[in-house]
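Residue numbers (my numbering), protein chains in the order written: chain H, 21 to 411; chain L, 21 to 411.
The reader is advised that the hints may include incorrect statements.
Simulated DEER-style distance windows between Cβ atoms [stated by the list, open to error]:
1. H:231 / L:198: 27 to 37 Å
2. H:164 / L:208: 32 to 42 Å
3. H:66 / L:193: 35 to 45 Å
4. H:88 / L:34: 28 to 38 Å
It should be emphasised that the hints constitute simulated quantities derived from the structure, not laboratory data. Glycine included, each C-beta is placed from N, C-alpha and C at the ideal position.
Protein chains: 2
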Amino acid sequence: MVAKPDTVVGANAERSRNHNRQVVLARVRAAGQIGRAEIARSSGLSTQAVSNIIADLLEDGMIAEQGRRSGVRGLPAVQYSLNPCGGYAFGVEIRPDAVFAALLDLAGETIFSERRTQTKHDPESVTATIEALKTRALEKARVPANRVLGAGIVLPGPFGATGIQGSGSELPAWQQIDLQTWFSEALSLPVFVENDANAAAMAERVSGVAQGLETYAFLYFGTGLGLGLVHQGRLIRGAFGNAGEIGHIPVPSAGKSVLLESAVSRLSVQRHLNAAGLAVTSSEDLRLLYASNDPALAAWLEQAAEPLSAAITTVENLFDPQAIILGGAMPDNVLDHLIGAVTLTDRSVARREDRTRPRLLRGASGRMTATLGAAALVINQAFTPMIAVAQ
Amino acid sequence: MVAKPDTVVGANAERSRNHNRQVVLARVRAAGQIGRAEIARSSGLSTQAVSNIIADLLEDGMIAEQGRRSGVRGLPAVQYSLNPCGGYAFGVEIRPDAVFAALLDLAGETIFSERRTQTKHDPESVTATIEALKTRALEKARVPANRVLGAGIVLPGPFGATGIQGSGSELPAWQQIDLQTWFSEALSLPVFVENDANAAAMAERVSGVAQGLETYAFLYFGTGLGLGLVHQGRLIRGAFGNAGEIGHIPVPSAGKSVLLESAVSRLSVQRHLNAAGLAVTSSEDLRLLYASNDPALAAWLEQAAEPLSAAITTVENLFDPQAIILGGAMPDNVLDHLIGAVTLTDRSVARREDRTRPRLLRGASGRMTATLGAAALVINQAFTPMIAVAQ
DNA sequence: TTGATAATTCAACACAGTTGAGTTAACCAC
DNA sequence: GTGGTTAACTCAACTGTGTTGAATTATCAA
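Construct the complete structure from the given sequences, taking the supplied hints into account.
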């Protein structure tokens, strides 16, 4: 994030109402179908208050009536559920060579996505592409502009004090820019800026395998290796917005200590395969290579197991998540192999009797994870009540 | 924590007011001295609202008037500051052999502390000791019972679904108990239950070296080795309340991968010294041993540097804290040595130009850290606005 | 001395949630 | 079926809390 720390502010009528709308919306979303009285019970609001808010949300098209529930005594409760077309989120992922965009509805469904190659890297050119993509998305999906709740912008971290942080970036002009303000003005929308791993984590929560999870971690294969940490439905960004740089942690590998990234990452596997004379550029290449039982890839996977296991153990014990998700720029079959190859130690707080879910999951969103995640930031925000958060 | 997840609830007049009181109180505390208009500006409330709340807080004795500020144009602002005797927090640490208790005032000053040896370990006996300690604390410090804001109870984690989790604990009876309810009834106070590392982290925030920090980590030498994670002023507990089990992470040590706890912990140093024929039981023993340049201790410190450095690097990169604090059951000279021996890598998100603080700090609260932390949980809570948090 | 500046208060007001009584529609037992 | 029970829901009066804008006050600066 752009080091603009969330700031707690005071409550007033307007902010309270907003907060309560989000509380109600979150309950509707979590339940799928729910009646007003039940929302009231679980939210600490009176039925009357919930009734008023529900009327509001209905009028705004955010929810829809679903008939009455029967089978129990008493007046059957009118059920409500999310209205997917009640709001949309625009997501953008800026990569070195291209810009990806996606439009999601409230339910997290992708209703538009597109990739644009990007040769010019100055802020103005990239922004122009993004504006064009926004226009096109709304047109193709026939979504009125005022239904768009916000835009998420994803770019590889880590971030500096304001813009993107140096470290070999070819984009010095970006470093001077307050990204949130910049894009907010360009798109006339509330904007959320995030790194790829964090966004990917949110993507899984909004439409992937992390639905219903509140506390989990996402190990993201991207440029490097990142970890998105979600705690009680909120991203953990650290003091300077650079939490989750898991690629930089030391892990054991065949009797030596190495950086995780050097043993387990997209770059690592590519180097390894190159050394074996194999040119691999896309995830599809990797998928086919794995399917053909390539020995060089098998060797890489073999060496990756130990450091990856160590990293997983570390995350489990430091963060105690409900699950750890693996995803990003790796084909599903490779991810599945890695998940199978990880040694889960018993000496972990994640080892418990009352567990109902696997400790490791494969991400559902594939190659577009981070782009969907950009939009997911907006969706998630619509369901995350929090009085306060300046700007 | 006792796996009772914080739940966001709806806002109403009463909860909003409470929230706002805490927002104002937090501003007063952070500033030391501050006027109403300034609070209003920084909190998003109107001056009038702040005025009303300040009047409330004054009446409750939580703050005190401090004269007017001059030197600028306009009506001089009346300054307010915390009134230390406006509220007190009772903290209890339950150890296998003893019970520690402390009473802190609002400013975080310790105004009472005591240790009681505990031979009986059943819930009733321990609770009786705690009740006795509470009575004695209030008497000795001349604090009226209604000024006590709450009690913090600290016991070594990890916790199970309800009570303490097994793992060799001699206290099976505790496992069936909902600790928060149990102690809340016994002490007639709001109660916060936490593990030692988390409590220790809070102690530093309320009266130690973490004052003013919002996001940091505390490496706690206790029974094992724990990590208290504070993110934006709130503890990170993980999904099941067992985040921070850093003792279980694999780290490199002389070409092998070991668990951090086995190389860096109180138990580890004791075993090492025992093997060298040295009997060490207290921190004071260790302090003297270090002061006398004992070669066995030096050897232990030597071997601890590599694994500890790896752990520090891991925490920095996963969590991106403002600082990492070392403390707990180790004498200051040993902690200082360890801090000096850690290799801080440049390949860390913690390496930044705009840094004003050391990356590593020594905890200020010594041996009582966790006990003070128990009380600090209460104090911190009084300054942490959050609409919602069921029970 | 006078004007500018900024904190503070006052009083009317608006907003949102609460309360308690009353209504409605289903289930259940006879 | 009939009538009692249950629980969701609505209505209308009410309450608590923050906001607004004008008036007041105290200091600085020219």
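Original post:
Which hints, by number, does the structure contradict?
Top reply: Violated hint (a single one): 2; every other hint is consistent with the structure.
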